[in-house]
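First to last, the protein sequences are chains A and B.
Oh and the first sequence: position 121 is 121 in this note's numbering, straight run, nothing missing.
Oh and the second sequence: position 139 is 139 in this note's numbering, straight run, nothing missing.
Hints may be right or wrong, so weigh each one.
As the list claims (entries may be wrong) - Part of the chain A face toward chain B, derived, beta carbon under 7 angstroms: (1) R27; (2) I32; (3) S34; (4) F38; (5) A41; (6) L53; (7) F56; (8) A60; (9) S62; (10) R113; (11) L118; (12) R121.
Because the hints were derived from the structure by calculation, they are not lab data.
Virtual Cβ for every residue (Gly too), placed ideally from N, Cα, C.
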Amino acid sequence: MTLTVDAVYDGKVFLPIETIQLEPNTRVRLTIRSDGEFVTATEARRAANRAFLGDFVGTALSSATPIWSDGPQPHWKVPYHFFDGTLFVTISVDARSANVWLNAQERDALITRLAAALDARYAIT
Amino acid sequence: MPSPNLISHVTQYADGYCLAACAEMALVQLGFQVQQQQLATLLGVRPGLGTRFSNIQALARYGIDLHIISWQGADSLKTALEAPSCVVITAILTTPGLLGWGELATQHAVVLTEITPPFAAYHDPALPTGPVQASLEEFLLAWSEMDEMAAILRRT
Numbered sequence: 001m002t003l004t005v006d007a008v009y010d011g012k013v014f015l016p017i018e019t020i021q022l023e024p025n026t027r028v029r030l031t032i033r034s035d036g037e038f039v040t041a042t043e044a045r046r047a048a049n050r051a052f053l054g055d056f057v058g059t060a061l062s063s064a065t066p067i068w069s070d071g072p073q074p075h076w077k078v079p080y081h082f083f084d085g086t087l088f089v090t091i092s093v094d095a096r097s098a099n100v101w102l103n104a105q106e107r108d109a110l111i112t113r114l115a116a117a118l119d120a121r122y123a124i125t
Numbered sequence: 001m002p003s004p005n006l007i008s009h010v011t012q013y014a015d016g017y018c019l020a021a022c023a024e025m026a027l028v029q030l031g032f033q034v035q036q037q038q039l040a041t042l043l044g045v046r047p048g049l050g051t052r053f054s055n056i057q058a059l060a061r062y063g064i065d066l067h068i069i070s071w072q073g074a075d076s077l078k079t080a081l082e083a084p085s086c087v088v089i090t091a092i093l094t095t096p097g098l099l100g101w102g103e104l105a106t107q108h109a110v111v112l113t114e115i116t117p118p119f120a121a122y123h124d125p126a127l128p129t130g131p132v133q134a135s136l137e138e139f140l141l142a143w144s145e146m147d148e149m150a151a152i153l154r155r156t
């Protein structure tokens, strides 16, 4: 699970400014980014991988170096290629929040489309 | 029980079968002989698509003790590797620093056998032989890209 939340540092601990649905003492990893600072290409790719593929392993898809896209909503475009180099999809990641522009419904549809494409490529007789 | 360093290498049947191949290596080490295709069915593997790492939990049907961990740090792996009759399967994102992957950045599973700084040794089922070695730093980076997920399997 990956969450992006705003927080305030009070000198000792980080206080989230919104409610987080986690059990007390759950261990998590924090990535600290100041307000206004853009996420790095590595962070964008990580966010896209988690939102799109989650904990899938063995998927014959490779994420490439994210491409910067400027404009009113700066974002990173993370390309995903099949192992033969054919582009499957590009996923956008907000450069300020690291939010991935992919909702649950779109993600499910994408996985279904990916499964169909890979079934065609890897049909084992 | 043989040392984890003596795990017999198994090659994955096809793209998508990395977790099934890791499961086969782990089960052999724990005393079970199960065909990779059978494990692939159990784990919900689809050729090319793979499966969810958390599906490894299905191996509990063999009566083994199985825990999936996340963000527990490298010490948790070292501790598991030092324990008797214990096998560690990790999820990684492949990097150019890991043998055989070049520029492909893909979500994968390997059987970890040793952490001896500055190196880590593991069986990568996509490679024809194993174990292979990588710098510990590179391996931990690849592992952290998958939320430091690992499955720790023990014979009960």
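What are the numbers of the hints that this structure violates, sorted from low to high? Violated hints (numbers, rising): 2, 3, 4, 5, 10; every other hint is consistent with the structure.
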